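K.L.:
Here is how the chains run, residue by residue.
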Amino acid sequence: MSAWSLLRALRLRTLARTLTAVRGPQRLQRLSLALVGLVVFGGVLAITTATFGALREVPDGPAIAEAAIAGSLTVAVFVELFFGLTTAVYTLYLSHDLPLLATMPIRERTVFAYKYWETLAANATLYGVLWAPFLLGYGFATRAGAAYYPLLALTSVLVLMIPTGLSILLIMPVMQLVPAGRAKEIIAVLWTLIGIGVWATFQMLTRPGRESMLNGQYRAVLDAPIFRVPPGRWGADALMGASVGEWGRMLGGLLPLGALALAMFGIALAIVPWAYTAGWVRAGESGRRVRGAGWTGLLFGRLPADLRAVVTKDLTAFPRDLRQLAGMAAVAAVGIVITVVNGPPEETPGGPALSYLVPYLTVGGIGGLGASQAANLAIGGEGRAYWLLAAAPIRTWRLLLAKWIVAFFLGICAVTLALLVISLRGFSVTGLLVGLGAGALTTALIATYAIGISASFPRFDWDNPRYAVSTLGGLILGVCIFWMASAGGAAAGLVYLLVASVPLGAALLAGILAWLLAAAIPAALLLALGHRRLSRMDWDL
Amino acid sequence: MAGGRLARNGMQMIQARDLVKAYGAREAVRGMSFDVASGALYGFLGPNGAGKTTTIKMLAGLLKPTSGTVHIAGVDVAQHPLEAKRRIGLVPDEPVLFEKLTAIEYLAFIADVYGVPREVARPRAAELLEMFELSGVAKELIGGYSHGMRQKCALAGALLHEPDVLFLDEPTVGLDPASARLIKDLLRSIVARGGTVFMATHILEIAQALCTEIGIVQQGRIIASGTIAELREQASAGADQSLEDIFLRLTGSTEERSVAEYLR
Numbered sequence: 000m001s002a003w004s005l006l007r008a009l010r011l012r013t014l015a016r017t018l019t020a021v022r023g024p025q026r027l028q029r030l031s032l033a034l035v036g037l038v039v040f041g042g043v044l045a046i047t048t049a050t051f052g053a054l055r056e057v058p059d060g061p062a063i064a065e066a067a068i069a070g071s072l073t074v075a076v077f078v079e080l081f082f083g084l085t086t087a088v089y090t091l092y093l094s095h096d097l098p099l100l101a102t103m104p105i106r107e108r109t110v111f112a113y114k115y116w117e118t119l120a121a122n123a124t125l126y127g128v129l130w131a132p133f134l135l136g137y138g139f140a141t142r143a144g145a146a147y148y149p150l151l152a153l154t155s156v157l158v159l160m161i162p163t164g165l166s167i168l169l170i171m172p173v174m175q176l177v178p179a180g181r182a183k184e185i186i187a188v189l190w191t192l193i194g195i196g197v198w199a200t201f202q203m204l205t206r207p208g209r210e211s212m213l214n215g216q217y218r219a220v221l222d223a224p225i226f227r228v229p230p231g232r233w234g235a236d237a238l239m240g241a242s243v244g245e246w247g248r249m250l251g252g253l254l255p256l257g258a259l260a261l262a263m264f265g266i267a268l269a270i271v272p273w274a275y276t277a278g279w280v281r282a283g284e285s286g287r288r289v290r291g292a293g294w295t296g297l298l299f300g301r302l303p304a305d306l307r308a309v310v311t312k313d314l315t316a317f318p319r320d321l322r323q324l325a326g327m328a329a330v331a332a333v334g335i336v337i338t339v340v341n342g343p344p345e346e347t348p349g350g351p352a353l354s355y356l357v358p359y360l361t362v363g364g365i366g367g368l369g370a371s372q373a374a375n376l377a378i379g380g381e382g383r384a385y386w387l388l389a390a391a392p393i394r395t396w397r398l399l400l401a402k403w404i405v406a407f408f409l410g411i412c413a414v415t416l417a418l419l420v421i422s423l424r425g426f427s428v429t430g431l432l433v434g435l436g437a438g439a440l441t442t443a444l445i446a447t448y449a450i451g452i453s454a455s456f457p458r459f460d461w462d463n464p465r466y467a468v469s470t471l472g473g474l475i476l477g478v479c480i481f482w483m484a485s486a487g488g489a490a491a492g493l494v495y496l497l498v499a500s501v502p503l504g505a506a507l508l509a510g511i512l513a514w515l516l517a518a519a520i521p522a523a524l525l526l527a528l529g530h531r532r533l534s535r536m537d538w539d540l
Numbered sequence: 000m001a002g003g004r005l006a007r008n009g010m011q012m013i014q015a016r017d018l019v020k021a022y023g024a025r026e027a028v029r030g031m032s033f034d035v036a037s038g039a040l041y042g043f044l045g046p047n048g049a050g051k052t053t054t055i056k057m058l059a060g061l062l063k064p065t066s067g068t069v070h071i072a073g074v075d076v077a078q079h080p081l082e083a084k085r086r087i088g089l090v091p092d093e094p095v096l097f098e099k100l101t102a103i104e105y106l107a108f109i110a111d112v113y114g115v116p117r118e119v120a121r122p123r124a125a126e127l128l129e130m131f132e133l134s135g136v137a138k139e140l141i142g143g144y145s146h147g148m149r150q151k152c153a154l155a156g157a158l159l160h161e162p163d164v165l166f167l168d169e170p171t172v173g174l175d176p177a178s179a180r181l182i183k184d185l186l187r188s189i190v191a192r193g194g195t196v197f198m199a200t201h202i203l204e205i206a207q208a209l210c211t212e213i214g215i216v217q218q219g220r221i222i223a224s225g226t227i228a229e230l231r232e233q234a235s236a237g238a239d240q241s242l243e244d245i246f247l248r249l250t251g252s253t254e255e256r257s258v259a260e261y262l263r
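Which chain is which? The protein sequence lines are R and L, in order. Per numbering that gives the first Met the number 0, residue 0 is the first one in the first sequence, and the count goes up by one each step. Per numbering that gives the first Met the number 0, residue 0 is the first one in the second sequence, and the count goes up by one each step.
It should be emphasised that the hints constitute simulated quantities derived from the structure, not laboratory data. Source: prediction; values computed, not measured. Backbone N, C-alpha and C fix where the C-beta goes; we use that ideal spot for every residue, glycine too. Please note: incorrect hints may appear among the correct ones.
Distance ranges between label pairs, derived from CB positions [claimed, not checked]:
no., chain 1, residue 1, chain 2, residue 2, range
1, L, Ser235, R, Ser94, 47 to 55 Å
2, L, Glu126, R, Leu14, 52 to 60 Å
3, R, Arg301, L, Thr68, 22 to 30 Å
From chain R, some residues computed to sit far from chain L (all C-beta separations above 10 Å) [unchecked claim]:
no., residue
4, Ala45
5, Thr311
6, Ile393
With these hints in hand, go ahead and build the complete structure from the sequences.
P.N.:
If you want it as structure tokens, here you go:
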């Protein structure tokens, strides 16, 4: 058996075991993911089949379909380039098998070709769920000939080969800037940046007034460069040519697409093995001195020593961990965009109406997001270093209190930021006080929920910091926040009923107390459960 | 602060009685009982998977025994875990530390958690960093340290509060010869000052050179214990035979023979 066949068999066997040799919650998680993938695939297929079918009846339909396919393939190349960069970090820099393979009597080019296809296969999942049904839908809707489907598979592979080769090449200089140990942090930052970008764009596009600009002007949209540039243009020509039997057009698209894909593959295989074996590729050096965090001493220096130790540790580490920072940056971005999009609060003649208070009340949600972001990582986020806390003479409830202080502090920072943004657009003392009150209460409650859940359902997987809480824990946090919001609605109803018979102040106080009582009960239960779990757990880390 | 260079001559600093740790049907530790006196350097030897690390974790309060008791300096670890933990320093086999802290910040954290006053902790931390040759990197993140540097940092943290009992799991693995020598000298001086050290190791030469008492563990049980002379007697070994010979004889290891046959 050749080295190539051996590697392929090894990869397939590993993949099969990854899918089948899991038990318990992990198995459920994989099955859920597979189900979600199937639903998305089916949904995209049904929608695109119907849409492309309908377009056939429209005069400009074929042009729109052509632009959609070309544009989608170009977008696919960019999306896969982004995913490819993160995948290449895992398949090359954080790979478990590359050092082993490098010591075996296998040609370097074979090893890196294997790594190239491994990267491509990992990237192909997203393409398979979103783009494949989209293009299949076109084939079904237009009753494409039999040649369309094998050509669809070939075009897909060629399209994926371009960003895969590029990402493997581009990640080399990027990784020289950071130590290998921080590669995952870079990935988190990339994900956050793209997430913020997509979310902010969505917010902006859905603002009133923007939609009208797009209405009825699709001809102008079709002239946009994204629908006209290669490689999407080539892919569209190849597929549309195959669907209607225009072989010249098909070849006119397929040949340059294939040439570009093979060129990217060839260049990657010519440069990457050489760069690795020559030692040119290495992660950036660590060992840089870092700035101290004296501000934590100023703010929390008067806490009892054990609380101060944990709070200072967490807040000192926080700005140095790009993964945690990226999570909080996402919260800040959400806060800023929400407050900007909602516009400045408007005064009403009869005093502060509910609509006037909405932006300030939203601040509470932003603070809660910040607190839950920090609290989710409180226990599981320590990863295997949790043994240090487990071995230390600190009471469990004091540890939970220290973690709560950190989460509350970060949540209040998010609240303050959101209030500052609102104030820049329209200052109001009443609004600020309401915002601060709502923010502090909501942040405190959500921090308590999240700390309780983090302690009750921790996952010590520092490789995936977003999963520092088990799936069940995440689900329970969602239920708790829903409960808190529902209790808020019920409390508002209570105030509405009471205001007819008692003064407004008394009605408001009754509503707030009722809300706090209802929301605090699950918080207390979760904390008690977390305390019990941490106290009893065996630390075999 | 607990203890602190306590020379409690004659006192049993570690008392383990009928320790059992079961994971489902599998028993990793099967009824271990032993005492370690104050001022002893106790070597805990055994083949891979014998239960050494599990035992250390139970002694240090990280794992709850399925049954049995542990007392550290007379304090029941299960009944009064905080009191016991204050008297303990632990360096695990893989020193996973807080990666986003510097060595100085890590030691400040340890000082606060163990209640060492700042005016005492600062000079002591500086002294330990100097001793372990970490002063030059003390303001760099631990995440960028090599395995040996982390090991030394973990050891500095374990010594900062001057524990009564120091637990070490394979302390010299991954260290360069100079650092390994430093640790050996350090352990000798801790014991000379009345401290107690409990060390699990695979390196029998180190155990022979350092340990005042040795326990040999196999399949979750202590199969022999005592001074090297006592072990020699238990193994019916000659006066010229090393600890390695005694160990192989007591554990009935066939590895030596297998390797010889393979090389032939």
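K.L.:
Each of the hints needs a verdict: does it hold here or not?
P.N.:
Each hint, compared with the structure:
1. L:Ser235 to R:Ser94: 47 to 55 Å: Cβ of Ser235 of chain L to Cβ of Ser94 of chain R: about 51 Å, so the range 47 to 55 Å holds.
2. L:Glu126 to R:Leu14: 52 to 60 Å: Because 53 Å falls inside the window, the suggested range holds.
3. R:Arg301 to L:Thr68: 22 to 30 Å: violated, 39 Å
4. Ala45: Correct as stated: the minimum Cβ-Cβ distance to chain L is 47 Å, above 10 Å.
5. Thr311: For Thr311 of chain R, whose nearest Cβ neighbour in chain L is about 7 Å away, the distance does not exceed 10 Å, so it is violated.
6. Ile393: Its Cβ does come within 10 Å of chain L, the nearest being 6 Å, so this is violated.
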